[in-house]
Amino acid sequence: MLRCSPSIHPGSRLFSTTPAFLANPIKAKRPDPNSSGPQKGVKSLKIKKKNTLRSAGRPPAPGERKALRKRIVLSNTNALEVKGMQDLSNDNMADKQIQGTVVGLPGPLVDQLRAAEAFRTGQGWGLFRRPGVLMRENSLEIARDLQDVVSGKKTLRRIYTGERGSGKSVVLLQAIAMAFLKDWVVVTIPEASQNRIAQDLTNAHTEYAPLSSSTTTPSQYVQRAYTASLLSRISKANSAVLSDLKVSLSHKLRIPIQPGTSLSHLADLGVRDPDIAWPIFQALWGELTSTKAARPPIMLTLDGLGHIMRDSQYRDPAFKPIHAHDLTIARHFVDHLSGVRSLPNGGAVLAATSASNVPFAPSLALAIDQRLHPTTSASSPSPSSSSSLSSSQQMPVWRKPVQRNPFMTYDERVLQSITPDLEIVELQGLTREEARGLMEYYAASGMLRHRVDESFVTEKWTIAGGGIVGEIEKASVMGPRV
Amino acid sequence: MVFILGVNFPEQRLVKRALESFYGVGPSISLRLMAKFHIHPTARVGEIATKQVTDLTAELSSMTIENDLRRRLRDNIKRLRDMGTYRGRRHAMGLPVRGQSTQTQISTARKLNKIERKG
Chain U
1 MLRCSPSIHP GSRLFSTTPA FLANPIKAKR PDPNSSGPQK GVKSLKIKKK
51 NTLRSAGRPP APGERKALRK RIVLSNTNAL EVKGMQDLSN DNMADKQIQG
101 TVVGLPGPLV DQLRAAEAFR TGQGWGLFRR PGVLMRENSL EIARDLQDVV
151 SGKKTLRRIY TGERGSGKSV VLLQAIAMAF LKDWVVVTIP EASQNRIAQD
201 LTNAHTEYAP LSSSTTTPSQ YVQRAYTASL LSRISKANSA VLSDLKVSLS
251 HKLRIPIQPG TSLSHLADLG VRDPDIAWPI FQALWGELTS TKAARPPIML
301 TLDGLGHIMR DSQYRDPAFK PIHAHDLTIA RHFVDHLSGV RSLPNGGAVL
351 AATSASNVPF APSLALAIDQ RLHPTTSASS PSPSSSSSLS SSQQMPVWRK
401 PVQRNPFMTY DERVLQSITP DLEIVELQGL TREEARGLME YYAASGMLRH
451 RVDESFVTEK WTIAGGGIVG EIEKASVMGP RV
Chain P
1 MVFILGVNFP EQRLVKRALE SFYGVGPSIS LRLMAKFHIH PTARVGEIAT
51 KQVTDLTAEL SSMTIENDLR RRLRDNIKRL RDMGTYRGRR HAMGLPVRGQ
101 STQTQISTAR KLNKIERKG
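Note that the protein sequences, when read in sequence, are chains U and P.
First residue of the first sequence? That's 1 in UniProt numbering, and the numbers climb one at a time after it.
First residue of the second sequence? That's 1 in UniProt numbering, and the numbers climb one at a time after it.
Since the hints were made in silico from the structure, they are not lab data.
Watch out, some of these pointers could steer you wrong.
To be verified - Each computed DSSO-like pair below joins lysine-lysine, with the alpha-carbon atoms no more than 30 Å apart:
1. U/Lys252 to P/Lys51
2. U/Lys182 to U/Lys70
3. U/Lys40 to U/Lys154
4. P/Lys78 to P/Lys114
5. U/Lys66 to U/Lys153
6. P/Lys118 to P/Lys16
7. U/Lys400 to U/Lys83
8. U/Lys70 to P/Lys16
9. P/Lys51 to U/Lys320
10. U/Lys40 to U/Lys153
11. U/Lys474 to U/Lys70
12. U/Lys236 to U/Lys153
13. P/Lys36 to U/Lys320
14. U/Lys27 to U/Lys40
15. U/Lys66 to U/Lys154
16. U/Lys154 to U/Lys246
17. U/Lys66 to P/Lys111
18. P/Lys51 to U/Lys40
19. U/Lys182 to U/Lys246
20. U/Lys320 to P/Lys16
Bear in mind the structure is a predicted one, so any value in this text is a computation, not a measurement.
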């Protein structure tokens with residue numbers, strides 16, 4: 001047994017009996033900074049940077065970003081004003097003199113085209129001082145055809161097709177512009193609009209309901225919201241013409257229509273109440289095609305034809321896809337395009353395929369291919385045609401006859417809707433003269449800083465795959481500057 | 001706010017998502033349900049008509065979903081256990097039922113396989 005004896009030195013102890021737990025705790029070992037590998041429980045991978053700048057502003061409101069994306073800019077204040085540019089008018093639209101020149105679109109017409117949603121994003125309108133269009137051969141052709149329609153009260157039915165950037169939508173826009181100048185009634189189903197995309201007709205993004213009055217099989221479906229937006233487009237774009245036309249027939253509608261109501265007001269009734277939009281559209285169409293009163297010709301256009309030439313994304317109660325032709329608006333258009341329904345006061349039904357937003361519609365592709373390259377003329381070209389080749393024409397090539405793919409199922413309804421008397425126009429590249437006119441316009445606008453001479457035009461024309469107008473634009477004003 | 005089968009949904013909620021919040025309604029069933037009453041896939045709860053809401057509720061209440069479906073699941077497991085089958089025993093033991101190895105990685109079986117399975 002130990003005994004503590006009084007120490008010689010009073011402040012020090014020889015031996016301590018203090019329990020261990022009173023001692024200071026042992027300090028935790030600090031991690032060795034040189035040791036390899038991460039410590040346990042410490043995240044070693046830091047992808048996020050520490051001092052990232054966070055925007056202080058609020059995130060954009062719903063729909064704001066889409067509005068910005070779909071915004072259509074028609075003017076560039078930095079571009080020069082082109083001196084001596086003619087405006088498109090009723091008098092000069094079919095004039096042979098203006099072929100190959102760019103003509104301006106007058107202000108009120110631009111407003112109408114905007115209301116009809118004829119402009120598309122990505123068409124380069126925002127590069128120039130004001131909207132202008134190149135009068136190419138197809139433009140003059142359609143101007144002449146519209147004159148024939150007026151004189152003969154015929155219906156022009158045509159599909160524009162062609163490769164990407166070949167100007168299908170712009171030719172459609174030119175036709176719409178000409179129809180506005182001639183005071184026609186224009187009904188457009190655009191491919192890409194601010195509010196409703198043409199795909200919206202079939203991509204199941206708007207409401208649908210079975211048509212109560214339809215007794216046919218398969219049953220028809222009506223899209224009330226889309227019809228209301230269509231009526232709004234018709235009413236806004238054609239307000240001047242429609243406000244002068246009065247109701248002449250008696251209509252059985254849920255709301256009473258006073259005799260003497262203007263057609264513009266009739267359309268607005270449908271805009272206000274989407275529930276009756278489809279009956280109102282039918283009533284409006286009945287009025288426009290009535291032969292009892294004086295009615296102007298009608299222009300009916302649709303961009304992105306492939307979207308309505310296949311099954312839609314909508315489903316019927318049995319969960320089977322609804323064919324696009326069973327949707328009332330698409331049906332209305334297809335009936336007029338194929339000639340099942342006619343326009344007694346004359347008019348034009350024009351459609352354009354899309355090459356940048358291509359839906360899978362093999363039946364339409366087959367129908368168009370068969371019409372453009374019939375099997376009978378696939379033989380070698382006759383000597384007379386080869387001798388008269390101009391610079392713009394391509395050398396005739398032997399093509400494999402268009403045949404059905406045995407492994408593909410085709411849609412007979414679509415094949416039948418492309419009737420033999422329906423015109424199909426394949427847009428080719430511009431001629432060199434037209435390309436030169438276009439480039440001179442670019443240069444005069446200050447957007448192309450190069451002398452426009454023969455070699456330059458030829459170079460760009462060739463780069464653009466033989467004058468494909470979208471490619472000419474890309475090569476000369478949109479692409480890398482040379 | 002819209003009531004579907006006694007549940008309150010905000011108006012901006014997608015109908016598809018609202019339907020899929022019920023146990024037993026997945027992507028396929030919800031699309032079929034919506035097609036049955038002509039509701040497009042991007043419709044919001046506030047946009048559809050009152051008739052369609054009542055139709056949906058009536059249809060949902062006639063289906064085996066939610067607690068009925070959970071009960072059916074439990075009954076199925078219980079039946080297997082009562083018969084004394086291998087599957088029943090494995091469920092009761094909280095082990096994989098379909099011949100998986102059990103040396104590692106059976107956390108899902110431990111979590112789910114029980115007589116009183118939650119869902």
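Cross-check of the supplied hints:
{"no.": "1", "hint": "U/Lys252 to P/Lys51", "in the structure": "25 Å, holds"}
{"no.": "2", "hint": "U/Lys182 to U/Lys70", "in the structure": "29 Å, holds"}
{"no.": "3", "hint": "U/Lys40 to U/Lys154", "in the structure": "84 Å, violated"}
{"no.": "4", "hint": "P/Lys78 to P/Lys114", "in the structure": "9 Å, holds"}
{"no.": "5", "hint": "U/Lys66 to U/Lys153", "in the structure": "42 Å, violated"}
{"no.": "6", "hint": "P/Lys118 to P/Lys16", "in the structure": "24 Å, holds"}
{"no.": "7", "hint": "U/Lys400 to U/Lys83", "in the structure": "49 Å, violated"}
{"no.": "8", "hint": "U/Lys70 to P/Lys16", "in the structure": "27 Å, holds"}
{"no.": "9", "hint": "P/Lys51 to U/Lys320", "in the structure": "22 Å, holds"}
{"no.": "10", "hint": "U/Lys40 to U/Lys153", "in the structure": "86 Å, violated"}
{"no.": "11", "hint": "U/Lys474 to U/Lys70", "in the structure": "20 Å, holds"}
{"no.": "12", "hint": "U/Lys236 to U/Lys153", "in the structure": "26 Å, holds"}
{"no.": "13", "hint": "P/Lys36 to U/Lys320", "in the structure": "10 Å, holds"}
{"no.": "14", "hint": "U/Lys27 to U/Lys40", "in the structure": "18 Å, holds"}
{"no.": "15", "hint": "U/Lys66 to U/Lys154", "in the structure": "41 Å, violated"}
{"no.": "16", "hint": "U/Lys154 to U/Lys246", "in the structure": "24 Å, holds"}
{"no.": "17", "hint": "U/Lys66 to P/Lys111", "in the structure": "45 Å, violated"}
{"no.": "18", "hint": "P/Lys51 to U/Lys40", "in the structure": "59 Å, violated"}
{"no.": "19", "hint": "U/Lys182 to U/Lys246", "in the structure": "19 Å, holds"}
{"no.": "20", "hint": "U/Lys320 to P/Lys16", "in the structure": "18 Å, holds"}
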